[in-house]
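Residue numbers (my numbering), protein chains in the order written: chain A, 1 to 220; chain B, 1 to 316.
For the record, the hints were derived by calculation from the structure and aren't laboratory data. Being a predicted model, the structure only gives us computed values, none of them experimental. It is possible that some hints are incorrect.
[To be verified] If you want the footprint, here are the derived chain A segments under chain B, 3+ residues with CB under 8 angstroms: (1) 127 to 135; (2) 186 to 197.
[Stated by the list, open to error] The calculated DMTMM-like cross-link candidates involving lysine to aspartate or glutamate, where the alpha carbons are at most 20 angstroms apart (straight line), are: (3) B:LYS269 <-> B:GLU304; (4) B:LYS94 <-> A:GLU119; (5) A:LYS87 <-> A:ASP216; (6) B:LYS40 <-> A:ASP159; (7) B:LYS40 <-> A:GLU94; (8) B:LYS279 <-> B:GLU213; (9) B:LYS175 <-> B:GLU116; (10) B:LYS40 <-> A:ASP158; (11) B:LYS103 <-> A:ASP158; (12) B:LYS40 <-> A:GLU119; (13) B:LYS175 <-> B:ASP155; (14) B:LYS196 <-> B:ASP256.
C-beta atoms are modelled at their ideal positions from N, C-alpha and C, and glycine is treated no differently.
Residues per chain, in single letters:
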Amino acid sequence: MENERNIITTFFALVIILLLLVGMLIFESPNESNHSNEAWAGVNPTPTTATIHHGTPHNGSMEYDVQMTNTTGIWVKNSSRSYTGDKIRNCLEELGRAWATAYPTTTYPPIQITEISPEHGGPFPTPPNHLSHKNGLDLDFRYLRNDTSAPQEMKFPDDEAHYDHDLTQDLIDRLNNLDCDAQVQLIGAASAANLSGVQTWLGHNDHFHVRFVDPDGTSN
Amino acid sequence: MNRILPIFIITCTFNAFLIAEDSLRARRPALGVTRDRAAKTWSLTASEPGIASPKTIFRSNLSLDYASWSSDGSYLAFIVNGDFYSNWDENQKKWIDGDVGQKLVIMNRGYKQVAEFADIRRYCWSPHGNRLAMIAGQAVEVGLGFTPDKMVVYDVDTKTQLEMPSTAYDLCWAKHDNIIYIATFTEKVAFDPVRKSKIDILYHGIYFSDDGEYYYDPSWEGSEFGIYRTVNNERLTPPGSLLNREFLHPYGWLEDSHCLVIWDYDSKKSHIVNVETGKSVTVDAQPLGQIGAVVRRNEWNDPEFCADTAMLESLK
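Required output: the full structure, derived from the provided sequences and hints.
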């Protein structure tokens, strides 16, 4: 009787181990899979919560994305349109803390992010739309002003008397030299902003465009 | 007689070439925008050929852009940039972006205003006749700077207009087939202004060379630049480095050529590049008119400069 109970217990233990192994095979890490967003819909999330940036900024999406909201040294214009990856958000928060130390927000304007991506990426569900900004790697930042510490728009050429070139250049330099798990790939800005470390892009008279290197690689 | 005929033909051909070159150099008044920082005003000026001082034809406290003549030179158009705002709306609990004063102005050859259209963000003259295609939209602080809401085709001579809802953010009126090519956030399509119908297309871009042999897709919002052969959508990789870049927004095609004009913001010079050979020449002049429109060979900010036939031949 004791033996039978042991056999049954062992049998059920083996079945459970087998099921666990099968489960692990089914729920393999999405970082290593080629599954599309749709294929994962309805499947229980994998144990990892690291953001996956799928595709490209022009034709992509996100999983496990996070929302960027106001934080120390950073003001976010529209948090419902500001979803990105966890590593990028962590880097930005670190950047914001350093910014607030260097430039107290009682005297200087905070870093101002106007738009990133919609929740889970893809096209924005409501206007304005973008050609890029589809997978959380593209962010729009305001140029910084010299006449107020409050967040305020800055557009060339109308507001150029209030343009703080040096402050904006310092922000560009800090973005280009982030010491964290996410790196900036390129920054596009208006020629009127006269910034170094950027590419001159058409338009962009009221914001500069920052593109991050995909922190989880470009193969997914 | 047998000896005279070839000499006569050669003489006629040579004279025709000289006349063509002369007509190339015959200029419309050069348009320019100047800014008085103290008075906070912007002026549109026209420099008549042979007259030293330019004439101010429009003044505004808003900035001015993209002045260009219609294809036959009867009219000119330019954009007045609106005064941008971004205000928090407590009732809607959201930011409301917009601007005041954005418009397109059309003048005749006597510099008298004949029409204006509010909220126009981009426009393109028809390659034949005096019609304009234009995109209207509302200003936003992000992305391309506006949310498109309609497209208008306006005939300046007859003062008639055709209006249609559209989410196109860019347009180009091609010379080779007289079709208006449109870029929306999701697709490239075309509009036939004669049949007033939409045409589905498979092209990757909307900017065609005058003969329609090539087209390109510029780097809007950091998208990848590409040049294509129209007949088969084959992507070109011309020799030389000027066109082999991931990000490039050319000023436009040079008229009646296979050359692109690239404006270098840093050096303040233009590069004229043949897309077939990759050969290029650098010039100290900036094209006039809206970026994306075909660059006329004799319409630059330097009235003395002309991209003449000899220059284009040297790039083949």
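Here is what the structure says about each hint:
{"no.": "1", "hint": "127 to 135", "verdict": "holds (count 7)"}
{"no.": "2", "hint": "186 to 197", "verdict": "holds (count 3)"}
{"no.": "3", "hint": "B:LYS269 <-> B:GLU304", "verdict": "holds (15 angstroms)"}
{"no.": "4", "hint": "B:LYS94 <-> A:GLU119", "verdict": "holds (17 angstroms)"}
{"no.": "5", "hint": "A:LYS87 <-> A:ASP216", "verdict": "holds (9 angstroms)"}
{"no.": "6", "hint": "B:LYS40 <-> A:ASP159", "verdict": "holds (11 angstroms)"}
{"no.": "7", "hint": "B:LYS40 <-> A:GLU94", "verdict": "violated (41 angstroms)"}
{"no.": "8", "hint": "B:LYS279 <-> B:GLU213", "verdict": "holds (18 angstroms)"}
{"no.": "9", "hint": "B:LYS175 <-> B:GLU116", "verdict": "violated (25 angstroms)"}
{"no.": "10", "hint": "B:LYS40 <-> A:ASP158", "verdict": "holds (9 angstroms)"}
{"no.": "11", "hint": "B:LYS103 <-> A:ASP158", "verdict": "holds (16 angstroms)"}
{"no.": "12", "hint": "B:LYS40 <-> A:GLU119", "verdict": "violated (42 angstroms)"}
{"no.": "13", "hint": "B:LYS175 <-> B:ASP155", "verdict": "holds (17 angstroms)"}
{"no.": "14", "hint": "B:LYS196 <-> B:ASP256", "verdict": "violated (27 angstroms)"}
Checked against the numbered hints listed earlier, the structure breaks hints 7, 9, 12, 14; every other hint is satisfied.
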